[in-house]
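This is what each chain is made of:
2 protein chains.
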Amino acid sequence: MSEPTAEEVEEREAFLRVAERARAAAADLAPLPRAAKDAALHAIADALVARSGEIVKANEGDVARARENGISEYMIDRLSLSTERIAAIAAAVRQVAALPDPVGETVRGNVLPNGLDLRQIRVPLGVVGIIYEGRPNVTVDAAALCLKSGNVAMLRGSSSAFDSNTALVGIMQDALRSSRPTEPQSSTEVPADAVQLVPGTSRDSVKHLMRARGLVDVLIPRGGASLINSVVEESTVPVIETGVGNCAVYVDAAADVDMAVDILVNAKTQRPSVCNAAETFLVHKDIADAFIPKALDALRAKGVTVHGDDRVRAYDPEKVVAATEDDYYAEYLSLDIAARVVDTLHDAVVHIRTYGSGHTETIVTGSQPAAKRFVALVDSAAVMVNASTRFTDGEEFGFGAEIGISTQKLHARGPMGLPELTSTKYVVTGEGHLRG
Amino acid sequence: MSEPTAEEVEEREAFLRVAERARAAAADLAPLPRAAKDAALHAIADALVARSGEIVKANEGDVARARENGISEYMIDRLSLSTERIAAIAAAVRQVAALPDPVGETVRGNVLPNGLDLRQIRVPLGVVGIIYEGRPNVTVDAAALCLKSGNVAMLRGSSSAFDSNTALVGIMQDALRSSRPTEPQSSTEVPADAVQLVPGTSRDSVKHLMRARGLVDVLIPRGGASLINSVVEESTVPVIETGVGNCAVYVDAAADVDMAVDILVNAKTQRPSVCNAAETFLVHKDIADAFIPKALDALRAKGVTVHGDDRVRAYDPEKVVAATEDDYYAEYLSLDIAARVVDTLHDAVVHIRTYGSGHTETIVTGSQPAAKRFVALVDSAAVMVNASTRFTDGEEFGFGAEIGISTQKLHARGPMGLPELTSTKYVVTGEGHLRG
Numbered sequence: 001m002s003e004p005t006a007e008e009v010e011e012r013e014a015f016l017r018v019a020e021r022a023r024a025a026a027a028d029l030a031p032l033p034r035a036a037k038d039a040a041l042h043a044i045a046d047a048l049v050a051r052s053g054e055i056v057k058a059n060e061g062d063v064a065r066a067r068e069n070g071i072s073e074y075m076i077d078r079l080s081l082s083t084e085r086i087a088a089i090a091a092a093v094r095q096v097a098a099l100p101d102p103v104g105e106t107v108r109g110n111v112l113p114n115g116l117d118l119r120q121i122r123v124p125l126g127v128v129g130i131i132y133e134g135r136p137n138v139t140v141d142a143a144a145l146c147l148k149s150g151n152v153a154m155l156r157g158s159s160s161a162f163d164s165n166t167a168l169v170g171i172m173q174d175a176l177r178s179s180r181p182t183e184p185q186s187s188t189e190v191p192a193d194a195v196q197l198v199p200g201t202s203r204d205s206v207k208h209l210m211r212a213r214g215l216v217d218v219l220i221p222r223g224g225a226s227l228i229n230s231v232v233e234e235s236t237v238p239v240i241e242t243g244v245g246n247c248a249v250y251v252d253a254a255a256d257v258d259m260a261v262d263i264l265v266n267a268k269t270q271r272p273s274v275c276n277a278a279e280t281f282l283v284h285k286d287i288a289d290a291f292i293p294k295a296l297d298a299l300r301a302k303g304v305t306v307h308g309d310d311r312v313r314a315y316d317p318e319k320v321v322a323a324t325e326d327d328y329y330a331e332y333l334s335l336d337i338a339a340r341v342v343d344t345l346h347d348a349v350v351h352i353r354t355y356g357s358g359h360t361e362t363i364v365t366g367s368q369p370a371a372k373r374f375v376a377l378v379d380s381a382a383v384m385v386n387a388s389t390r391f392t393d394g395e396e397f398g399f400g401a402e403i404g405i406s407t408q409k410l411h412a413r414g415p416m417g418l419p420e421l422t423s424t425k426y427v428v429t430g431e432g433h434l435r436g
Numbered sequence: 001m002s003e004p005t006a007e008e009v010e011e012r013e014a015f016l017r018v019a020e021r022a023r024a025a026a027a028d029l030a031p032l033p034r035a036a037k038d039a040a041l042h043a044i045a046d047a048l049v050a051r052s053g054e055i056v057k058a059n060e061g062d063v064a065r066a067r068e069n070g071i072s073e074y075m076i077d078r079l080s081l082s083t084e085r086i087a088a089i090a091a092a093v094r095q096v097a098a099l100p101d102p103v104g105e106t107v108r109g110n111v112l113p114n115g116l117d118l119r120q121i122r123v124p125l126g127v128v129g130i131i132y133e134g135r136p137n138v139t140v141d142a143a144a145l146c147l148k149s150g151n152v153a154m155l156r157g158s159s160s161a162f163d164s165n166t167a168l169v170g171i172m173q174d175a176l177r178s179s180r181p182t183e184p185q186s187s188t189e190v191p192a193d194a195v196q197l198v199p200g201t202s203r204d205s206v207k208h209l210m211r212a213r214g215l216v217d218v219l220i221p222r223g224g225a226s227l228i229n230s231v232v233e234e235s236t237v238p239v240i241e242t243g244v245g246n247c248a249v250y251v252d253a254a255a256d257v258d259m260a261v262d263i264l265v266n267a268k269t270q271r272p273s274v275c276n277a278a279e280t281f282l283v284h285k286d287i288a289d290a291f292i293p294k295a296l297d298a299l300r301a302k303g304v305t306v307h308g309d310d311r312v313r314a315y316d317p318e319k320v321v322a323a324t325e326d327d328y329y330a331e332y333l334s335l336d337i338a339a340r341v342v343d344t345l346h347d348a349v350v351h352i353r354t355y356g357s358g359h360t361e362t363i364v365t366g367s368q369p370a371a372k373r374f375v376a377l378v379d380s381a382a383v384m385v386n387a388s389t390r391f392t393d394g395e396e397f398g399f400g401a402e403i404g405i406s407t408q409k410l411h412a413r414g415p416m417g418l419p420e421l422t423s424t425k426y427v428v429t430g431e432g433h434l435r436g
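So the sequences go chain by chain: A and B.
Going by UniProt numbering, the residue at position 22 of the first sequence is 22; the numbering climbs one at a time, nothing skipped.
Going by UniProt numbering, the residue at position 338 of the second sequence is 338; the numbering climbs one at a time, nothing skipped.
Don't take every hint at face value.
If you want the footprint, here are the derived chain A segments under chain B, 3+ residues with CB under 8 Å [claimed, not checked]: (1) 59 to 69; (2) 375 to 384.
Ranges between beta-carbon positions, derived for each pair [said to hold, decoys possible]: (3) E8/B with K302/A: 47 to 57 Å; (4) K207/A with S178/B: 49 to 59 Å; (5) G70/B with P100/A: 12 to 22 Å; (6) V321/B with G436/A: 27 to 37 Å; (7) G432/B with E318/A: 46 to 56 Å; (8) K207/A with V321/B: 41 to 51 Å; (9) P113/B with L16/A: 21 to 31 Å.
Calculated from the structure, these hints are not laboratory results.
For every residue, glycine included, the Cβ atom is placed at its ideal position computed from N, Cα and C.
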């Protein structure tokens, strides 16, 4: 290990100053009532709209640098902010304000035989670190969801969006300051430190966040598999993995062929770049003759390239590309899909266990026993019957908003709404109770 | 890094063979109905009793080695098994069989506006790794709780108990084998691989478990702070921290003095070696004159040494030892307690935030506003009012049994019963639903 440079030491110290302010703010934010948090969210929305000129200007700098660096138009589109987009971001903040507050909810409670009153209630997690890609709207979305659930957000966006994120976080902090009644000091105000940007744009600034155990309560990385894997490997702060989706559509022997084609096409093509898009389809051998030719036609009409095994290729050896192992593992996020014929439902389950990412799988079938068996045997965050994989989404599930889709089993699994940003504590009330 | 020795390579390969068998067993165990799991638990209990002679003999070897190594009598008592203790362990397994099965429970569910049926149901975590100290009863307790919740247990006890644990796990696996109907193969049988002992006794065997991401779903270390910290630092498998308890009793200005003395003495002395015993008491200055002399007398009568600040020592400078910073951080697990006078309830909260481990804190007070404020501001797994800290316990809370007491905020917090050994999945049922 080489000696850290003066710059590195300074960056680490700047990080610790921010993290300690975040920690202190978390203690003040946690007990605040809903009204204080909602007022703060509306103040943030107002300020974003009022100061959208500043935001657009900062964003133009990021976009210009991205163009110089030869970033793809798709990524530049995700990076870009306009007055209209900022208005939409502000509207989303107001929607978060309108959601119920999970904090204080009694999860369970009863009076024990000895008369002790036992309640398990929801409390904020504390400080939530979010590592994400070059989409500045996430800066505000994540801050709003954290604030509403009583958590301090420590935001670490892509360095490509640093100027935009700096402007957005500065405006949010100003809004929290100005939403405070000037006199007398109210005990229900949200501290300006409740929204924090991790200082610096170096790789080290991510490392500081990952090693901030005791200051940061949980890290949520949002992005590609390599980012998430590196966070999981290096972090001593507990991590919630999100977003990698290698989702499969299984067409059972008892499927309605037209329904299966429609679900497959919707799951693959309705929005191919997202984690709940289908990346593989598996076809029971008994329905292959009826299903595969129709499916290939329908997918081709949408511009999809199929990567199939020999049994799929037999239906159209010229247009179906030969699939490799890598195809079955792939999260394409493009107009590609892997395909395989299976002999049994169980073989489909084994394929999913082997290659899937545990996000969403769907069975198309008219058979109730087949549906029941698939649901029991497939171990994914969402298992669907006769529905498109595209429905795995916080908004679609009625949660109002989501911070991400967890593909791990601890704490939260599937779309994470506000309750998933909380922990619980037990409140035990006695009358001098002693243990005998 | 030096080249691994042939022995190290062999140990790692042996670990991977066991972990892969565990992974495969998890898939078979997860969908089993309650009856199959309960039958397996009763078969285990029967076998432990029937073969207790073998267990005692294996245990004698461990105990003899422990004596040679000069282990304390206290530790030897924890390590030792007798026919009576084995009968108690078997009885505990039957109690786990009698608990409700958390798997399959619907956590929430509704029909979405578009007609999709959405249910969130409990599913097993998969493979649960447990790292624990030299108490062979934990081998069986943990295996039973995992089995009942549909999880495969990967057990890594102290090397001091390796022979005992090998005997116990061998007997449990045999019991699972013989509980299988011989013919025809039933689909509801629990696989013998559902209980696994991590092979080897070297430090590396713990490392293999900590790096088995993808094979092991969660690690639960049970033991002292240094074990838990090293697991947290090194593990890429998600960890649930348990068991470090630096618990405080806060005696508020409005406390009933006699109740406060009784709670303090109970919390400190009823069982000093456990994590929910009190290690600190904090006294509001306005009640110090009334409370401290009585408390010092009562604690002294139980053989407790008080480590106090100057304001506590003023009441008995000869017998109260001067407290250092380390005393406030200490989890004594002995007849020692740290003490401090505070000016306000808020100062008590700040002390707890600074030095506490987030396990259990209690306030003794007759004031409802003070109780409410303490409950709101103290961020611990359990916050109590007018009750002994000793009540933070799965049995006491009515959960029937516990795998440990989580002091972290993710996934589970406080006593962990069977539901805390589960994850969830979303089951979504449509009729050809497409996303528009």
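Here is what the structure says about each hint:
A stretch counts as covered by a chain when three or more of its residues have a beta carbon under 8 Å from one of that chain; for the region 59 to 69 of chain A and chain B the count is 0, and the coverage is violated. Closer than 8 Å: that is the beta-carbon criterion, and the region 375 to 384 of chain A has 9 residues meeting it against chain B, so the requirement of 3 holds. In this structure the supplied range 47 to 57 Å holds for E8/B paired with K302/A, their Cβ-Cβ distance being about 53 Å. Restraint check, K207/A to S178/B: a C-beta distance of roughly 53 Å satisfies the suggested window 49 to 59 Å.
Evaluation of the 12 to 22 Å hint for G70/B and P100/A yields a failure: the beta carbon distance comes to about 59 Å. The hinted window of 27 to 37 Å between V321/B and G436/A holds, with their beta carbons roughly 30 Å apart. Taking the beta carbon of each, G432/B and E318/A are about 31 Å apart, not inside 46 to 56 Å as hinted. Between K207/A and V321/B the CB atoms are about 42 Å apart, so this pair conforms to the stated range of 41 to 51 Å.
A C-beta distance of roughly 47 Å is found between P113/B and L16/A, which places it outside the suggested range of 21 to 31 Å.
Taken one by one, the earlier hints fail for this structure at numbers 1, 5, 7, 9, listed in ascending order.
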